[in-house]
Amino acid sequence: MSTPSVNTSAAIPAGFGEAAFEAFLSTRDEPEWVTQSRRDAFKSYCELLESELDPEEFRRVDLRAMRPDRFQLNAASELSQDSADGNDTGTILKGQAEFAGHVTHIDGQLASNDLSAELAAKGVIFGDLAVVVRDHSDLIKKHFMTKAVDSETDRFSAWHAAFWTGGTVLYVPRNVSVEAPLHSLITLQAEKAADFSHTLIILEDGASATLLEETVSATTENLGLHVGAVELILGQEARLRYVQLQNWNQKAWHIAHQAGRVENNGFLQWTVGGIGAKLAHIHQDVVLDGRGAEAEVNGVTFSTEKQIHSFYTQQAHNAPETRSDLLYKQVLRDHSRAIWRGMILVEAEGQQTNGYQRNDSLMLSPTCRVDAIPGLEIEADDVRCTHGATAGRVDEEQIFYCMSRGMSEYEAMHMIVEGFFQTVFDRIPVEVVRETLNQAIIKKLGFGR
Amino acid sequence: MSLLKISDLHVSVSDTPILKGVDLEIKQGEIHALMGPNGSGKSTLAYAMAGHPGYTITGGKIEIDGTNIIELDPNERARLGLFLAFQYPVVIPGVKVADFLRHAMSNVRNPDRKEGEKLIPMREFRKELLGQMNELGMDPEMARRYLNDGFSGGEKKRMEILQLAMLKPKFAVLDETDSGLDSDAVKVVSEGLSRLSGPEMGVLIITHHERLLEFNQPQFTHVMLAGRIVETGDANLAAELHEHGYSNIRERHPEAAAEEVVEAV
Ligand SMILES: Nc1ncnc2c1ncn2[C@@H]1O[C@H](COP(=O)(O)OP(=O)(O)O)[C@@H](O)[C@H]1O
Ligand SMILES: [Mg+2]
Numbered sequence: 001m002s003t004p005s006v007n008t009s010a011a012i013p014a015g016f017g018e019a020a021f022e023a024f025l026s027t028r029d030e031p032e033w034v035t036q037s038r039r040d041a042f043k044s045y046c047e048l049l050e051s052e053l054d055p056e057e058f059r060r061v062d063l064r065a066m067r068p069d070r071f072q073l074n075a076a077s078e079l080s081q082d083s084a085d086g087n088d089t090g091t092i093l094k095g096q097a098e099f100a101g102h103v104t105h106i107d108g109q110l111a112s113n114d115l116s117a118e119l120a121a122k123g124v125i126f127g128d129l130a131v132v133v134r135d136h137s138d139l140i141k142k143h144f145m146t147k148a149v150d151s152e153t154d155r156f157s158a159w160h161a162a163f164w165t166g167g168t169v170l171y172v173p174r175n176v177s178v179e180a181p182l183h184s185l186i187t188l189q190a191e192k193a194a195d196f197s198h199t200l201i202i203l204e205d206g207a208s209a210t211l212l213e214e215t216v217s218a219t220t221e222n223l224g225l226h227v228g229a230v231e232l233i234l235g236q237e238a239r240l241r242y243v244q245l246q247n248w249n250q251k252a253w254h255i256a257h258q259a260g261r262v263e264n265n266g267f268l269q270w271t272v273g274g275i276g277a278k279l280a281h282i283h284q285d286v287v288l289d290g291r292g293a294e295a296e297v298n299g300v301t302f303s304t305e306k307q308i309h310s311f312y313t314q315q316a317h318n319a320p321e322t323r324s325d326l327l328y329k330q331v332l333r334d335h336s337r338a339i340w341r342g343m344i345l346v347e348a349e350g351q352q353t354n355g356y357q358r359n360d361s362l363m364l365s366p367t368c369r370v371d372a373i374p375g376l377e378i379e380a381d382d383v384r385c386t387h388g389a390t391a392g393r394v395d396e397e398q399i400f401y402c403m404s405r406g407m408s409e410y411e412a413m414h415m416i417v418e419g420f421f422q423t424v425f426d427r428i429p430v431e432v433v434r435e436t437l438n439q440a441i442i443k444k445l446g447f448g449r
Numbered sequence: 450m451s452l453l454k455i456s457d458l459h460v461s462v463s464d465t466p467i468l469k470g471v472d473l474e475i476k477q478g479e480i481h482a483l484m485g486p487n488g489s490g491k492s493t494l495a496y497a498m499a500g501h502p503g504y505t506i507t508g509g510k511i512e513i514d515g516t517n518i519i520e521l522d523p524n525e526r527a528r529l530g531l532f533l534a535f536q537y538p539v540v541i542p543g544v545k546v547a548d549f550l551r552h553a554m555s556n557v558r559n560p561d562r563k564e565g566e567k568l569i570p571m572r573e574f575r576k577e578l579l580g581q582m583n584e585l586g587m588d589p590e591m592a593r594r595y596l597n598d599g600f601s602g603g604e605k606k607r608m609e610i611l612q613l614a615m616l617k618p619k620f621a622v623l624d625e626t627d628s629g630l631d632s633d634a635v636k637v638v639s640e641g642l643s644r645l646s647g648p649e650m651g652v653l654i655i656t657h658h659e660r661l662l663e664f665n666q667p668q669f670t671h672v673m674l675a676g677r678i679v680e681t682g683d684a685n686l687a688a689e690l691h692e693h694g695y696s697n698i699r700e701r702h703p704e705a706a707a708e709e710v711v712e713a714v
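Protein sequence lines correspond, in order, to chains A and B.
The first sequence begins at 1 in my numbering and counts up by one.
The second sequence begins at 450 in my numbering and counts up by one.
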């Protein structure tokens, strides 16, 4: 992994100012277009830092305590052998299923990577963006932040575009089906480490794949920062199942721009699990560009203590006969907060589309808070769009009913919470994902007191 | 032989006294009928026995074999062998009948079980569940449905009887398990209960109808009026009430009937 042509021994100063940026650049060995795009993005980042964040998206998200200057990017060679050896720390997915390949990152650096020889022979690429951007520069240049996530959107997209560290790339050629799931593990280990990973999935026409990605912390106490991006690019009739299970420790900040674009008759099934982080804000867009394109979005979040889980979701219908279906289920306890702002956008071209969005939340304590705001903006006249949000407390009658059958109050609560999530689990066809999410939730619920 | 003994029970709902001194003794193996006009307090008695937090016991005792259970949580009462078939069973979305019952059974069969401890083995459980469902003429597919979610009235009541069958309580209270059912469904429920009750189970049947009692002849019939049991007789009393309604009862107990009028205002 060492890159002798660059200055790998340079320590990158903490924070994300000019000096840190230049030091970071000096550790990278990248095509000229990448360096230029980083410089452009850094300039935008500095400018965007001066302007307001979109109040529609950020009004309820309190970022004042984030303090970027405390966090530290790793130089490319800094990954110690110790941490590379312990690279499975914290994973809850690995070992749960037969994966056709793995990519593991620690503190923004590639730790290990494998892919079945069979898939490699078919032209499938599965690896670290920092490597693939050198080996397949043209392919990446065509898709990287050109279609799905725009670096100019706000300070976070620009920040990410300037400092991205690496990330998991999956490329599946035309008409190739990847049957077994692939696994991507993103780990934070060192105190105040920063991960700026970029997940890029490109499915050519008729290709199909399943990628299960998890973000975990090696410790419960180390501070961490993730400023990420996810881009899912689906050609005609491509089928992608993508899962991102955010399971950082409760000291991590997680900010991400995530977007999927789907061409004619493509199908994207996207599942987001929000378990960890101190504060997570995800801007999640699905954009249906081709006739008959479909997207199904599932969200499962469980917030406890003082966690904040915030989602800004958009379902854009840019073509006729497209279908989007979003269901978020959120459970809260203690002093946690969940914020969800959803929007279905239908362009004038989006005739005969079907858009659905729903957010249900369940509050387990009187001190948590939910703001769930659905929205529609429709330019076409022949569409079916429905939306809704519910928020409620655990029904005392349900608790009593369970208890009258011998269950303790906690067991009753667990049963009701699991049941609440079940209706979204029913939509997730990958068993390992359902099981893993359920286990993560049960672990967090805890038994007894 | 176990004994359920209720003495001078007073129960309030949101500070309104509803039960005003109820006495009742049920031995394991006995069948008791509890009748009375709407609003007389029958469900209140059932809920107070099961430990519903909205029903405050302001006086008296409920004892199982000498242990006063009024301070116990509903789950502890269930583990002591008390079961209530709800008049209005609760829907629990997303929780499969089989999972719910397996948890319930694990606790009731092992009263010392703590949450998170192991459940009764799947094979053993499934065998028993499918057997009981078969006896009650239930489609095994029901086990995979979410508890009472989208069930018809008859399906819900049958589900209560299934739970009774699986939990095998010492004392079962059935609160209008036969109401709102067509006659075929009443027959299934009645036969189910008569098959399940026996020397091991004491039963309190709250009902307005004759059918359930036809299959399950009560040794005792109690009549509740305005929060008190005003008369106790045998099966003939139940038959009399079915024929003539409660006017004779009201005539024989003018003080209670007067309180009932006040309450209805
Ligand atoms: N949850 C409740 N809140 C307020 N009043 C109640 C509640 N439950 C019962 N009551 C009152 O208590 C009395 C007895 O009701 P209930 O026990 O349901 O009678 P029954 O089952 O004999 O028809 C009625 O006057 C009823 O209005
Ligand atoms: Mg009643």
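Worth flagging that the hints you see were computed from the coordinates, not collected in a lab.
Among the hints, a few may not be true.
Below 30 Å or equal to it, Euclidean Cα-Cα: the simulated DSS-like pairs (lysine-lysine) are [said to hold, decoys possible]:
1. B:K567 with A:K443
2. A:K147 with A:K444
3. B:K636 with A:K306
4. B:K510 with B:K563
5. A:K444 with B:K563
6. B:K617 with A:K94
7. A:K444 with B:K636
8. B:K545 with A:K94
9. A:K443 with A:K192
10. B:K617 with B:K476
11. A:K443 with B:K563
12. A:K444 with B:K619
13. B:K510 with B:K545
14. B:K636 with B:K510
15. B:K545 with A:K443
16. B:K636 with B:K605
Hint-by-hint comparison with the structure:
Simply put, B:K567 and A:K443 have alpha-carbon atoms about 16 Å apart, close enough for the 30 Å limit, and the pair holds. Taking the CA atoms of A:K147 and A:K444, the gap is near 37 Å; set against the 30 Å cutoff, the hint is violated. Of the pairs offered as hints, the one joining B:K636 and A:K306 is violated, with about 55 Å between alpha carbons and a cut-off of 30 Å exceeded. With a CA separation close to 27 Å, the supplied pair B:K510 and B:K563 stays within the 30 Å bound.
Proximity of A:K444 to B:K563 is assessed by CA-CA distance (about 18 Å); at most 30 Å being required, the pair is judged to hold. Of the pairs offered as hints, the one joining B:K617 and A:K94 is violated, with about 43 Å between alpha carbons and a cut-off of 30 Å exceeded. For the hint linking A:K444 to B:K636, the alpha-carbon distance of about 46 Å lies beyond 30 Å, and the restraint is violated. A C-alpha spacing of about 28 Å is found between B:K545 and A:K94, which places the hinted pair at or below 30 Å, so the restraint holds.
For a cut-off of 30 Å, the pair hint linking A:K443 to A:K192 stands: about 26 Å separates their Cα positions. For the hint linking B:K617 to B:K476, the alpha-carbon distance of about 15 Å falls within 30 Å, and the restraint holds. A distance of roughly 16 Å separates the Cα atoms of A:K443 and B:K563; the hinted pair therefore holds under the 30 Å criterion. Distance hint between A:K444 and B:K619 is unfulfilled; the C-alpha atoms sit about 37 Å from each other, more than 30 Å.
Straight-line distance between C-alpha atoms of B:K510 and B:K545 comes to about 36 Å, which puts the hinted pair past the 30 Å bound. For the hint pairing B:K636 with B:K510, the CA-to-CA distance comes to about 35 Å; that exceeds 30 Å, so the pair is violated. About 21 Å separates the Cα atoms of B:K545 and A:K443, which keeps this hinted pair within 30 Å; it holds. Proximity of B:K636 to B:K605 is assessed by CA-CA distance (about 15 Å); at most 30 Å being required, the pair is judged to hold.
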